[in-house]
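**Student:** Sequence:
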Amino acid sequence: MASPALKDAVGGLDRDGFVALLSKLIGESARLQNDPPVHRPEEDLVAQHVVDALRPVSTETGGGPLVVRKVSYAEGRSNVIVEYPGTVPGRIVSFVGMHMDVVPANPSEWDFDPFSLTFDSEDKDKLRGRGTTDCLGHVALVAQLMRRLGEVKPPLKHSVIGVFIANEENSSVTGIGVDGLVKDGLLDMLKTGPLFWIDTADKQPCIGTGGMIPWHLKATGKLFHSGLAHKAINSMEMNMEALKEIQKRFYTDFPPHEQEKVYKFATPSTMKPTKWSYPGGGLNQIPGECTISGDIRLTPFYSTSHVVEKLKEYVEDINERLETTLDTRGPVSKYVLPDENLRGRLEISFDGDVMNGVACNLKSRGFKALCKATEEIVGHVEPYSITGSLPLIRELQDEGFDVQTAGYGLLKTYHAKNEYCLFSDMAQGFQVFASIISQLEEEV
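Residue numbers for the sequence shown follow full-length UniProt numbering, so the first one is 1 and each next one is one higher.
Just so you know, the hints here were simulated from the structure itself, not pulled from any lab data. All values reported here derive from a predicted model rather than from experimental measurement. The C-beta atom is built at its ideal place from N, Cα and C for all residues, glycine as well. Warning: the hint list may mix true and false statements.
Restraint ranges, calculated between C-beta atoms of paired labels, are given here [stated by the list, open to error]: (1) A20 <-> S349: 43 to 51 Å; (2) D188 <-> F119: 39 to 47 Å; (3) P107 <-> G17: 26 to 34 Å; (4) T252 <-> F119: 46 to 54 Å; (5) N319 <-> D351: 18 to 26 Å; (6) D353 <-> T252: 24 to 32 Å; (7) Y251 <-> H225: 32 to 40 Å; (8) R249 <-> A416: 29 to 37 Å; (9) K157 <-> Y384: 28 to 36 Å; (10) F119 <-> G62: 34 to 42 Å; (11) D353 <-> D125: 29 to 37 Å; (12) G63 <-> H257: 46 to 54 Å; (13) P331 <-> H415: 22 to 30 Å.
Listed next, the in silico EDC-like pairs over lysine to aspartate or glutamate satisfying Cα-Cα at most 20 Å (straight line) [said to hold, decoys possible]: (14) K363 <-> E340; (15) K248 <-> D327; (16) K70 <-> E42.
Kindly produce the complete structure, drawing on both the sequences and the hints.
**Tutor:** Set out below in structure tokens:
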């Protein structure tokens, strides 16, 4: 059990304070949507609410020990670093990843206003609005933790640090969120202690995430009248057969990995199509080009860069051996027209936002503390892994941070219409954080 002294000192999560702050944050969420160029978030709106909530117990006012700092790399897009100083140099526990942007929401598709905090008339535990689960609820949660530490001033050997970040929901713009903070060395001190990334869900340790590779496979054939199919190269048929061959090779080269069972991944690595596009035309035209797009979700035991290189090799090989590699469809289906010296061609390209998965260190003190705290507060501990992707955390791990992930929203409402969280879950998260700090204190 964690030390009762700290738990008694900080108590539980104050509903009134939490709801009041969260209401302010959700009230800004229309201007926090991150989907450029349509939506450019202004995280500074949230950052200022966090700073205002912590100012009364900060060194700025002399009312408390919290050291609060805003860091901006783009106008209107701040990060916030908050420190409750401990007494032993190098002893750190940090809560990071609470991001201040949200995914877009269309009010016409919701049952309630996504951009204001509302309550379910039949269930006061439900707190509704865009960002309640992902991730403004966590912003308010960790802000309340830091404020409470500043109020009660428990004597701690560990410094407790909270890092609220900009720009998590979109990777087309870089260098203005946690990546900028890492580049400038502003988080280097966190390497000496466990770093808890607070942006998952369902109150259990998330010990593994997947990498993500967005891909586009373009097939170029020859457009022609559908009544003269022998004179065409059907780009759709060629692309479907090519994708089938590429998937076959992918699953051969990147089969289920033995570590996936250890980490309890629900699925192995997958490659699948999710979108078709072509220039358009009539039903009596065999299309001359088309593109199949999709993604690869890759467990962290494989390299995304290696997969990209292999896919390029697959396509190059298929292009060289179209006649013998790909099946045709019917007696006149073909991908080469020798009399016209014409060959179909495949091209594969990748979006720039390739993400790497992460496998958390299951032997670290951070993981052990998180599991123990979860079992103590939630009543059971069931670590899990998903091939959903979290940006940035693999890069932190590669930089030498002991990254562990957890969250107290609801996975079923993540990025969904009618998003909500439960106050009772957030309250348990508050107690888990206090337990983690208490455990680490006992080690010193």
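**Student:** Taking the earlier hints as the rules, which of them does this structure contradict?
**Tutor:** 13, 14
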